[in-house]
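Hints are included, so try docking the two chains, each in its own frame, into the full complex.
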Amino acid sequence: MQRRHLLGYSAAGVGTLGVTLFVGWWQVDGPGGKEPAGKRPLSLSAMDFRLTNHEGNAVGPETLFRRPTMVFFGFTYCPDVCPTTLSDISSWLDAMGEDAEQLNVVFITVDPDRDSVEAMAEYVGYFHPSVRGWTGAPEEIARVADGFRVTYEKVPTDGGDYTMNHTASVFLFDAGGRFMSTIDYHESREFAVPKIRRAMQNGTEGAT
Amino acid sequence: MKMVLKGAIAAFSMVAGFSGPVMGGAEDVVVEDAWSRASIGSNRPGAAYMRIRNTGDEEVTLTVIRTDLAMMPEIHLTSTNDQGVSSMVPAGEIEIAPGETVALEPGRLHAMLMRLQRPMAEGDTFLLTLVFSDAGELTVEVPILGVAARGPES
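These protein sequence lines are chains L and E, in that order. With the first letter of the first sequence counted as 1, position 34 gets the number 34 in my numbering; the numbers rise by one all the way through. With the first letter of the second sequence counted as 1, position 38 gets the number 1038 in my numbering; the numbers rise by one all the way through.
FYI, nobody ran anything at the bench for these hints, they're computed from the structure. In this text, a Cβ means the ideal position worked out from N, Cα and C, and glycines have one as well. Check before you lean on any hint, since a few could be wrong.
[To be verified] Every beta carbon over 12 Å from chain E, so not counted as near; a handful from chain L, in silico: (1) ARG50; (2) ASN57; (3) ALA58; (4) ARG66; (5) ARG67; (6) ASP99; (7) ALA100; (8) VAL117; (9) GLU140; (10) ASP161.
[Claimed, not checked] Cβ-to-Cβ under 7 Å is the rule here; a few derived chain L residues that face chain E: (11) THR84; (12) TYR126; (13) THR151; (14) ASN165; (15) SER181; (16) TYR185.
[Claimed, not checked] Chain E side only, calculated, beta carbon under 8 Å to chain L, not exhaustive: (17) MET1088; (18) MET1112; (19) LEU1116.
With the rest of the complex left out, here is chain E (with noise of 0.2 Å):
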């Protein structure tokens, strides 16, 4: 999907005539669904979900995330090879297309939050800061729910 973007946004620039790429801004990025499951004391990291949707016309990469409840906020991305091992690794940049959502979801993409600076508790929440590559932020609420939580509604 991420070659796919890449791809598009290429032929874009090229026949639009551009030397650099396009970039849109955290200005167009919404951001729904949050959630995050409660976290047992502080020394296991946590997991945080949301649907990122870019409503510009101009492709957004989401570079960093930060927030005060963890010291090594990170996107990662969980995958299951086919002999059904389950591994981990930090996803890099997130490019999200004029009009495209990108999912955190469990089992795939996720912010995962590591060294916690306090427990996240069920029922408070926190503030977790998207910065893009223009430098804007995007600053969202995350609600805590239980430790078994499977969704935004539960």
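Next up, chain L with everything else stripped away, as it sits in the complex (with noise of 0.2 Å):
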């Protein structure tokens, strides 16, 4: 009998803890979880943005399709960071020569109320001719972020004007708009181009 009633405890124990685990999955991992900090992009398709490119014309997620896409966040007034990435970047695409041009190369500013079309055709001016510039009105600079999951912030310097923090990862889609990887500013150069190989291969299959 006490043994009986044991065992029935060990059930309902058993039973609990599985309860436990099942809502802590739900709750951490599963559907019922919160995305975490460094989540994944959304695929381009699922975007929804309008921004305005540096020659002045309308452009938005369907401007990317169908074309593998390289995607960089910065702004002209970032006197390190983002020179640098887009120099690194001019570099990968004279590496891979002509097959450059079949590559979407986008730079779009978190810093809209500074880099207006003009500021961001002069600036990307000085880099790689494919690499293109994007800005926009600041609420849809807030949702081509949030779909692309990069975060910024104006952080005020000591003489009264502000610089930027911000995601300084470049993006990589493939032709039917899925994300594939990050190049990340820490990462070993020598493995960016096989990368953007990898994301232009991968879009074969998906571009229609």
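Right under this line is the structure:
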């Protein structure tokens, strides 16, 4: 009798444990979980934003469909990381020769207050000719950043100016608009071109 | 690295019986591979890079930088966290141990040139003065390369 009670309690205990584990999984890793901070960008087809390119034309996610895409967020008042990354991107594109023409390459500002269409045009003119510059209304910049899971923040500097903290990874998508990988700032540079080529190859079956 | 340097200096001071820090001076410092990028206009901050080598037997501390090119030149540190978010903060004083080199290089430490007094034109140079804690100074001529330059050679 006592033994049966024990078994009963054990069974109830196991059951409770199972429920606890399930609830834990649901809340942390399962459908009920919050997205982790380092979450993946959406597919381009799931994004929704309206911006203007450095030539003054309206652009959106559909502008990037059917070709593999490389995107970097930054701002033209950025003295260090942004020119360095855009120079790196330019050198990768140089290394790819004519293949670079098959790729969308977009630099999107996180500082629309200062980065007008004209400012973007002048800035991207210093880098590889494939690099396009996109800017837009602050709320549209917020939408595109949300789609890419990019964070950015205005930080005042001593002189009464400000600088921007921002996600400095380079994002790669295949021709179907599926997120493939990032090239992170700390990453060894020799992996960049192979990653870009992988995104380009992956795109072929996704293109329509 | 800074902590390690401080630790090493503290240990040395104790062993040698000094009460205060031991300081080398500007005469022991060699600057190599200085370069900067051209600016677009003068509203945007510029950045300059170089390698600063301490050839002396004592630690040297870079306290301030000065140039007539910018009202607010300052050594800044760029860092990128594990979420890929990049940010910049003033680096404060830079301690350089005997025989060590501190590199100001893209994506790390850099001489941030805020409030430019004139545009930085490709092909020009400007003078940048490094001031050390012993009040010694070292002035270097910094070449201005293209906006998309990637290093002292390009």
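Hint by hint, here is what the structure shows:
1. ARG50: holds (25 Å)
2. ASN57: holds (22 Å)
3. ALA58: holds (25 Å)
4. ARG66: Nearest chain E Cβ is 27 Å from ARG66(L), so the label holds.
5. ARG67: Label holds. Min Cβ-Cβ 24 Å, cutoff 12 Å.
6. ASP99: holds (20 Å)
7. ALA100: Nearest chain E Cβ is 15 Å from ALA100(L), so the label holds.
8. VAL117: Consistent with the label, VAL117(L) stays out of reach of chain E, its closest Cβ about 15 Å off (over 12 Å).
9. GLU140: Holds, since 21 Å exceeds 12 Å.
10. ASP161: violated (7 Å)
11. THR84: Holds, because the Cβ-Cβ distance from THR84(L) to chain E comes to roughly 4 Å (cut-off 7 Å).
12. TYR126: holds (4 Å)
13. THR151: OK, holds: THR151(L) within 7 Å of chain E, min 6 Å.
14. ASN165: holds (4 Å)
15. SER181: Violated: closest Cβ of chain E sits about 12 Å from SER181(L), beyond 7 Å.
16. TYR185: holds (4 Å)
17. MET1088: Where the cut-off is 8 Å and the nearest Cβ of chain L is about 6 Å from MET1088(E), the hint holds.
18. MET1112: holds (6 Å)
19. LEU1116: violated (10 Å)
Checked against the numbered hints listed earlier, the structure breaks hints 10, 15 and 19; every other hint is satisfied.
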